[in-house]
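In the order they appear, the protein sequences are chains A and B. Numbering-wise, the first sequence is residues 0 to 272 according to numbering that gives the first Met the number 0. Numbering-wise, the second sequence is residues 0 to 713 according to numbering that gives the first Met the number 0.
In case anyone wonders, no lab produced these hints; they're calculated from the structure. Ideal Cβ placement from N, Cα and C applies to all residues, glycine included. Among the hints, a few may not be true.
As the list claims (entries may be wrong) - The calculated label-pair distances, taken between Cβ atoms and stated as ranges, are:
#1 K93/A / L247/B: 51 to 59 Å
#2 R122/B / R40/A: 41 to 49 Å
#3 P121/A / L91/B: 28 to 36 Å
#4 E43/A / T125/B: 52 to 60 Å
#5 A250/A / T125/B: 36 to 44 Å
#6 A140/A / E204/B: 52 to 60 Å
#7 K93/A / E76/B: 24 to 32 Å
#8 R40/A / E76/B: 52 to 60 Å
#9 R40/A / G95/B: 28 to 36 Å
#10 G238/A / T125/B: 22 to 30 Å
#11 P121/A / T125/B: 28 to 36 Å
#12 P121/A / L247/B: 54 to 62 Å
#13 A156/B / A140/A: 20 to 28 Å
#14 R267/B / L148/A: 52 to 60 Å
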Amino acid sequence: MERPAWAPRNIDISVPSVARIYDFYLGGSHNFEADREAARRAMEFAPGLPKTMQANRAFLRRAVRFAADEGITQFLDIGSGIPTFGNVHEVAQKARPGARVVYVDHDPVAVAHSQAVLEGNPDAGVVAADLRKPQEILANAEVQRLIDLNRPVALLLVAILHFVEDADDPYGAVAELRDALAPGSLLVLTHASFEGIPLPPERAEGAVDVYKDIRNPLIMRSRDQIARFFEGYDMVEPGLVSPPRWRPETATWDPDDEDPWAFAGFAGVGRSA
Amino acid sequence: MIAEPDGPEDRLRRFATIWSRAVFPVTSTSATRPEFEEQLLPLARRLSEALAARTVDTDAGRAVGAALVDAHCTDPEALTRSLDCVDAYLVLYCGGDGDREDLRSRSSRLQHAMAAGFAHALRERTLAEQEAIARAALEAQGLVAQALHATEARFRAVFEGAAIGIGIADLDGNVLQVNGALLRMFGITDQTMRGRKVQEWTHAEDAPQTWTLYDELVRGEREHYHLEKAFSRPDGTVLWTNLTVSLLRDADGEPQYQLALMEDTTERRLLNLRLRYEATHDALTGLPNRTLFFERLEKALSAGEGQRFGLCYLDLDGFKTINDSLGHAAGDRLLVEVADRLQSCATAPGEMVARLGGDEFVALTTGPDTESEVDDLAARIMNALLAPVRIDGRELTVRGSIGIVEGPAGERGPAEVLRSADITMYRAKSAGGNRFELADPEADARAITRHGLTTQLPVALERGEFFIEYQPLVHLGDGSVRGAEALVRWLHPQHGVLGPDRFIPLAEHTGLIVPLGRWVLEQSVRQARAWRERYGQDVAGDPLRINVNLSPCQLTHPGLVQDTVDILERAGVAPDALCLEVTESALIGADDDLLKPLRRLAEMGVDIALDDFGTGYSNLANLRRLPVSVLKLDRSFTQSMQQFPADPVDLKIVEGIVSLAHGLNLAVTVEGVETGAQAEQLRILGCDTAQGWYYARPGPPERLHELALVDATG
Chain A
0 MERPAWAPRN
10 IDISVPSVAR
20 IYDFYLGGSH
30 NFEADREAAR
40 RAMEFAPGLP
50 KTMQANRAFL
60 RRAVRFAADE
70 GITQFLDIGS
80 GIPTFGNVHE
90 VAQKARPGAR
100 VVYVDHDPVA
110 VAHSQAVLEG
120 NPDAGVVAAD
130 LRKPQEILAN
140 AEVQRLIDLN
150 RPVALLLVAI
160 LHFVEDADDP
170 YGAVAELRDA
180 LAPGSLLVLT
190 HASFEGIPLP
200 PERAEGAVDV
210 YKDIRNPLIM
220 RSRDQIARFF
230 EGYDMVEPGL
240 VSPPRWRPET
250 ATWDPDDEDP
260 WAFAGFAGVG
270 RSA
Chain B
0 MIAEPDGPED
10 RLRRFATIWS
20 RAVFPVTSTS
30 ATRPEFEEQL
40 LPLARRLSEA
50 LAARTVDTDA
60 GRAVGAALVD
70 AHCTDPEALT
80 RSLDCVDAYL
90 VLYCGGDGDR
100 EDLRSRSSRL
110 QHAMAAGFAH
120 ALRERTLAEQ
130 EAIARAALEA
140 QGLVAQALHA
150 TEARFRAVFE
160 GAAIGIGIAD
170 LDGNVLQVNG
180 ALLRMFGITD
190 QTMRGRKVQE
200 WTHAEDAPQT
210 WTLYDELVRG
220 EREHYHLEKA
230 FSRPDGTVLW
240 TNLTVSLLRD
250 ADGEPQYQLA
260 LMEDTTERRL
270 LNLRLRYEAT
280 HDALTGLPNR
290 TLFFERLEKA
300 LSAGEGQRFG
310 LCYLDLDGFK
320 TINDSLGHAA
330 GDRLLVEVAD
340 RLQSCATAPG
350 EMVARLGGDE
360 FVALTTGPDT
370 ESEVDDLAAR
380 IMNALLAPVR
390 IDGRELTVRG
400 SIGIVEGPAG
410 ERGPAEVLRS
420 ADITMYRAKS
430 AGGNRFELAD
440 PEADARAITR
450 HGLTTQLPVA
460 LERGEFFIEY
470 QPLVHLGDGS
480 VRGAEALVRW
490 LHPQHGVLGP
500 DRFIPLAEHT
510 GLIVPLGRWV
520 LEQSVRQARA
530 WRERYGQDVA
540 GDPLRINVNL
550 SPCQLTHPGL
560 VQDTVDILER
570 AGVAPDALCL
580 EVTESALIGA
590 DDDLLKPLRR
600 LAEMGVDIAL
610 DDFGTGYSNL
620 ANLRRLPVSV
630 LKLDRSFTQS
640 MQQFPADPVD
650 LKIVEGIVSL
660 AHGLNLAVTV
670 EGVETGAQAE
680 QLRILGCDTA
690 QGWYYARPGP
700 PERLHELALV
710 DATG
């Protein structure tokens, strides 16, 4: 694992981590009391958050399967968090044995955990890096080992961009990555938004404030703002939609079967020209 | 497997469907509901089989409970709903036609086992995940610690290996840590260094602001400061450093430590001092040199109100002779001895002696009382030179001339003061040397003008600042204009029109007289030609003549004859139209070599006039061998004739000279004729031609034209 040795960060498990909070929402126990406490506070405002995460997770699985069906064999998952179940490498390698997956996260605990999970998997790797520094990701040895940038890549930015503030230029980072990828690459993206949340915004704001408190502000963006991340990509049908509405797997899929919280936020896949 | 409608398989599937619908909303699975149903189907079958088995298989119940956890039904609500579902529908859909009571009891036991299996699996999973995440956290911490350690090790290496001294102290000044370089600079051990306080390191040479800056920094009012600072080493030597002190703050911005970075500049400083000494001192005598003297003088001259300065500028008399006769080594030894003696004359504070170069020395005194002190200083210097200097067994008498300048500060610049001293020193020297003179502004001004004009002369010729005026020469017999004397003028850009007396001696001195004289001759001859073309010849049938002055310097110039011939030929003017005027004094004691060119010119037909006749040691006998054809009587003879009646003695003298001249076949011209009476008198006395204000002042060549017209009509 590579870390900038001159800028060490303290690991303080009394500080909540968004990766472990996410795990808690998904019913996992890869979390500490501080994480659970923050998650419970957010759920006081938005009790359906676990369902939102679940729908997000379900979209990720469908999108990876779609990418594999499209012939993509390389996956770059930035903001991968704590691997729990239905992980990208499991889905991808089941669909396409030998598919290569690189997980990227800036949370050292998430990275250490991913490493433990991926032990013995030669086709998957973990990198400690930050989406805000795309060049560091692209230049990383593990990325270079596993990913051939001359061939299409599925770039997964699932539930991460809403943690990047405008001041850190998320659009610039996404564009830099796009420019580094071969034509035919896919951008798989989900993003939080007030749109689709079955709550008046002032209530949802309470949940957003929790993230602000834990110094990991959640940036809610509008559909238009989220669509701008796909600049340079052609949207794959059905475009930028609520996660459950993106290519449901059964023909008999009925929106009424879904929890209302599943429809929060947007999900989409784009293909680079 | 295709289920027969309402067959056992179909009923089993319907049970699974009901179960999945009940539990799906509370699961965390990312699977879809139909997928989830597929996951539950084998569990339903397992329960169905257990229900039908001869003895109740509680292991099956436990396995199903555990499988729920594996399917990510980790929420206890999933268990509740599952048990509700089993309780309500298992017997109904999978009980077949068995004894209801027995089936219900079996279902109940299976539910107990499911609960136990679920609880067990959930606990296992939770513990495993907790352990995994804790391990990951630990590992991450380990990596961070490792990185920290690596960073720290690197910092330590930088700290220890740095060539500059680094020290850290707390804000009370207690030294906490220093590196090897700093210890080596100070020449002390780590033990000695620890427990020392920064405030102990005062030094006599500390700049005044040193400790103010320090106090500001430790109070948190200043982030850093930079200065040159000296420290005392235990061995008594001085360590000079380039010191930078920075304030270190903690994460919250509170001042914590002070960090000192120092570079040993002792060697560089010594070198600088030596270079500075060498740059400001004279290598031979060790006295301050011109550079240092000017610095001091400048300081003295810019001193405040009430401050004065006194300067003695000394030049040895006859030093060149000593150098030439005894050699430079002896000369140098003499200078060293003089320097030593001078040094002993100026020992009071505010006094200094410097060597400006060669045998020129200066002594400077400053303060409020230099008016009296500077005379004493000059007297001391003269006195110090009294005793002979013994060199190579010879006793050499040393004398000097001193120019003294004294005055208040703030009025003059160093260059002006030094020039004044220099001029004054030359005055002392011209007065015979071995004395001192006080500067006199008027003498300075004259000298400065002479100096200025001398340096400007060559440029003036290039820029065409000279011009010529012509004064007519009139025939006393008939009053006709016979020619004119060319008189050179300098139109000086600052001083206006200057007469020849102001600059001809300077031109003589610098040799510029040769080109200037040639230019005058050229212009005059050209003018003579212009006149001839315009008026033809005079009444006597001769062309209008031009008189041009020759300076002594031109007389000895080897190109005189050739230049004159060339000029005449180029202008197409006959030699007899030119008269060269030579002063009597220039020809005093002239030998044949000097006279030869004049003879050549005279042979060609050029008239030679003896100018200012009667002012020198008029050697009448000499007249015979000079190639002159005209005598120009000096104005002093004719001045008395301006009145009537004239001084009879003067009349006799002039009459005698005229008769002598005519006896030698020389024409006589008189200068300075200012009145008609004078002119008449001179005519009676037999003078041939005259010039003077009575006829015309010198003027532009056109004026001669007017006179000639008057003459023609008159």
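Hints versus structure:
With their beta carbons about 56 Å apart, K93/A and L247/B fall inside the hinted range of 51 to 59 Å. As the Cβ distance of R122/B to R40/A is approximately 26 Å, the hint placing it in 41 to 49 Å is violated. Separated by about 51 Å at the C-beta atoms, P121/A and L91/B break the suggested range of 28 to 36 Å. Between E43/A and T125/B the Cβ separation comes to about 23 Å, which falls outside the hinted range of 52 to 60 Å.
A250/A and T125/B have their C-beta atoms about 38 Å apart, which keeps the hinted 36 to 44 Å range intact. Checked against the hint of 52 to 60 Å, the pair A140/A and E204/B passes, with Cβ atoms roughly 57 Å apart. For K93/A paired with E76/B, a C-beta distance near 30 Å keeps the hint of 24 to 32 Å intact. The hinted range of 52 to 60 Å is not satisfied by R40/A and E76/B, whose Cβ atoms lie roughly 21 Å apart.
For R40/A paired with G95/B, a C-beta distance near 51 Å fails the hint of 28 to 36 Å. G238/A and T125/B have their C-beta atoms about 40 Å apart, which leaves the hinted 22 to 30 Å range violated. In this structure the hint that P121/A and T125/B lie 28 to 36 Å apart at CB holds, the actual value being about 30 Å. The beta-carbon spacing between P121/A and L247/B, approximately 48 Å, falls outside the hinted interval of 54 to 62 Å.
About 25 Å separates the C-beta atoms of A156/B and A140/A, a value consistent with the hinted range of 20 to 28 Å. The hint said 52 to 60 Å for the Cβ distance between R267/B and L148/A, and at roughly 54 Å that hint holds.
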